[in-house]
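There are 2 protein chains.
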Amino acid sequence: MSDDDGDAEQELGVTKSKEYETGEWYAEVVQKAGLANYGPEGMSGFIVTRPRGYALWERVQSALDAKFKDTGVQNAYFPMFIPESYLEAEKDIVEGFDPEVAWVTHGGHEELEERLAVRPTSESIITPYISQWVRSHRDLPLRVNQWCSVVRWEATETKPFFRTKEFLWQEGHTAHADRDDAWEETMLRLDQYESVYEDVLAIPVLRGQKPEHDKFPGADTTTTVEALMPDGKSVQGATSHHLGTSFAEAFDITYSDEDEEEQLAHTTSWGFSWRALGALIMTHSDDQGLVLPPTVAPTQVVIVPIWQADTKADVLEYAEGIRDDLADAGVRVELDDRDTRNPGFKFNEHELNGVPVRFEIGPHEEEDGEVTVVHRPDGEQSTVDRDGIVDAARSHLDEVFAKLYADAEETLEGEVREASSRNEILGTIGQHGGYVKAPWCGDEDCEAEVKDQLAAEIVMVPFADEDDRRGDDHDDDCAVCGDRATRTAYFAKTY
Amino acid sequence: MSDDDGDAEQELGVTKSKEYETGEWYAEVVQKAGLANYGPEGMSGFIVTRPRGYALWERVQSALDAKFKDTGVQNAYFPMFIPESYLEAEKDIVEGFDPEVAWVTHGGHEELEERLAVRPTSESIITPYISQWVRSHRDLPLRVNQWCSVVRWEATETKPFFRTKEFLWQEGHTAHADRDDAWEETMLRLDQYESVYEDVLAIPVLRGQKPEHDKFPGADTTTTVEALMPDGKSVQGATSHHLGTSFAEAFDITYSDEDEEEQLAHTTSWGFSWRALGALIMTHSDDQGLVLPPTVAPTQVVIVPIWQADTKADVLEYAEGIRDDLADAGVRVELDDRDTRNPGFKFNEHELNGVPVRFEIGPHEEEDGEVTVVHRPDGEQSTVDRDGIVDAARSHLDEVFAKLYADAEETLEGEVREASSRNEILGTIGQHGGYVKAPWCGDEDCEAEVKDQLAAEIVMVPFADEDDRRGDDHDDDCAVCGDRATRTAYFAKTY
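Residue numbers (this note's numbering), protein chains in the order written: chain A, 1 to 495; chain B, 1 to 495.
Since the hints were made in silico from the structure, they are not lab data. Be a bit skeptical, because a hint or two may be false.
One copy or two, either will do: identical chains are not told apart, so a pair holds if it fits within one copy or between any two.
[Said to hold, decoys possible] Derived pair list, reagent style DSBU-like, types lysine-lysine, alpha-carbon separation capped at 35 angstroms:
#1 Lys-91 <-> Lys-159
#2 Lys-312 <-> Lys-69
#3 Lys-91 <-> Lys-215
#4 Lys-69 <-> Lys-346
#5 Lys-91 <-> Lys-16
#6 Lys-91 <-> Lys-32
#7 Lys-69 <-> Lys-159
Okay, chain A solo, but in the shape it has when bound (with noise of 0.2 angstroms):
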């Protein structure tokens, strides 16, 4: 070997623990696996996303984008720029609306008569056209949706893909004749990132609204799916949101309905960016390194032959056979037939690399017409037949899937805990992390005094129908005033 696999090997390795420094394991394992690289000096809070970490988005969007366009969503494309007077429009929808944007200035040698504002999402852009484009009834529902890149300038500190200032998603807007199908609209974007968390992503998400205080500037309602994280904190998934008729006022979008009738819409807006990546990488990896569903995974099974000198032939043409027995069949398949590197060393890599599924292949198998079958997530290991090889690699890929998934499920049914009074929440979060679930009065300060004291807050109510403790119904007090509760609130730290 030269040395350059000597630097390789001695790089190859995450270093860092899942479990006691999640923060910067996570930064280990998305660098080594060739997921993505930091921002060139001076432009902290950016990342140049590498091929790897980029080809789980292509999956992760067009698993996304097929559900769109199946339930009447047509992508477009809108500037990249808002002129400032646009996003000063929405002051009208929100009081103290004071977007932390990039600003562009100059074009050329010129200075700008009025200042651009690079998209921090395009609702101010967007919905004036929406308001051309729709004139009567039979021009409802409209919907659009761009796949584009936004700017925010947060100045936190970084993590690739959970807080980036660029970041990818994409962002839906539709108008509607009147509130029900806006809800409808509203929910059914909801159902399709809760579906591309649970069965592409195989992360369990919860499900329901954000308090009053933290809506989306202008919506009547921000719901949200929620996904717990390994170091007990909760990530904001996705979000959809209905906005009532505040956006149609602002930006006059009106109908006229089948009387002739002048009406106002009802519009929503969703979004799901590439900190749904983050969650991914964040909850299925290990200390070896990336570890990925087959629904995502690049290469789903990786063929690593064993050979010694006089038996390379024979396991070479062997692993080859069955390579294309299942490319053919449409599985995503790699022979590592390198020369340079031993299995050993192939073994690490793809195990860094995130591969679900590894076939180990030596003169043995070859013999016995078998494979080695190893799993990603806990080395399980077993021996399948050569006959019905695409058959077995399958239900193999589907277990690892379901590994993954039950996984996850059992981590987050274990941490959503039971609190009654605010000193409970507190001990609760504070020495378990995860989720605290408590009767609430719907009081901003009762959210704030928890905040306070433990940073601390509300992530989550759940939905009327999905909380039989909801309402006049509520048997409960708010754990935090003591004032009659009238909803369930999950309290959590946060991303």
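Position chain B against the provided structure of chain A, taking the given hints into account.
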């Protein structure tokens, strides 16, 4: 019908003439076919790409992306901002480099220490990362591509898709062990661009290289595909640059070869933008509106049922069966069964929107087990049997594609003329537009003489191996100065 229908009908038709008012006609088609709107006030040069326009981009993108992935390209994503000092580093490569870009000077309420350019192209930020990623010959070739938007602050008049301050494109960046490998890459990408123009957009192109003085700054060779527009001007359809070692030198891309010797890499970059949509719309459309090849048309076949009250049920059932058969076979089909529009209105609307094939289905067709088929480009009408309707649809779609390509090819062939003197070049382009090919000595001054008088320039020089009149065997004298010619130059007016 309601008032809306009246309004819509008035707005529906294209009023300008392609032949006599090409620019105005183009702008009208883009807007009335719902492809794009102009940007907000204060943002001249920006457009809003509407769903029907974006759907075209998605199909082109998907075709090109598949070609890239089949040939070793991986997608990635780099920050949209580039520090001024990084852009400045290109000054080492190119004298007088003065990018006309949008400058971000403020983040939130703070002035930035260093201005950030919104990327006009990403060599200066991507190359330093490639430099980090490449260490050994085993890392080569390294190929990354990104699909993104870029901004160039040109003050010239906007033409949707052809010339916009922000545009969507892909930019590929590769590093190679040697010059030949980089050249092969350059040509492979040019081949793929040519194939997208010809096989997807039904637009024949000319291919060759740009004259020395019109290369991409820092490039060894800039190759191009050029498409002829109906007003006789040439559009640079896409470019692929052999960058030699200039960027590798400026940004230090070196690798250790098989003998552990340090070597300089050779790089390429190549880009394809939504200008291709401009060429698509301009080439095939007519005074009735948009014309699209079936390859990119969002709807390939529209079925317009024609009924009276007593035949409606039978006609509709028959039409639905045909719709279902086509949809099951993967044909993008739409049954326009709106009650509120008459068939004539529907014909006009789908013609305006460029649906390649129309099926007309009335009581006669239903009784006789037939379908009347109409081709969008030329109105050609025929009758096909209900049996085998899927094959018939496919064959008619192929015919429409072939017609569009043949028309464009015939036009192009008629618009390449030869000239052997400066006056002949000027006279020929002045009178006919199109391309004039002429022997050329290679001197920039000879082009300048033509450019000064006619705003025509050398858009392309055929490659040596595709040009039998090149080099020492060139018999002719330069059409402009009379010195010995070394190449053949294609002069044209440009977009």
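Hints versus structure:
With identical chains, the CA atoms of Lys-91 and Lys-159 are at most 35 angstroms apart both within one copy (30 angstroms) and between copies (33 angstroms). Proximity of Lys-312 to Lys-69 under the C-alpha cut-off of 35 angstroms is restricted to the inter-copy arrangement: shortest distance 30 angstroms between copies versus 49 angstroms within a copy. Taking identical chains as interchangeable, the C-alpha atoms of Lys-91 and Lys-215 lie at most 35 angstroms apart only when both belong to the same chain, with a minimum of 15 angstroms there against 48 angstroms between chains. Taking identical chains as interchangeable, the C-alpha atoms of Lys-69 and Lys-346 lie at most 35 angstroms apart only when they sit on different chains, with a minimum of 24 angstroms there against 40 angstroms within one chain.
For the identical chains of this complex, Lys-91 and Lys-16 are neighbours neither inside a copy (46 angstroms) nor across copies (42 angstroms), given an alpha-carbon limit of 35 angstroms. In this assembly of identical chains, Lys-91 and Lys-32 lie within 35 angstroms of each other by CA distance solely across copies; the values are 33 angstroms between and 44 angstroms within a copy. Proximity of Lys-69 to Lys-159 under the C-alpha cut-off of 35 angstroms is found in both arrangements, the shortest distances being 31 angstroms within a copy and 29 angstroms between copies.
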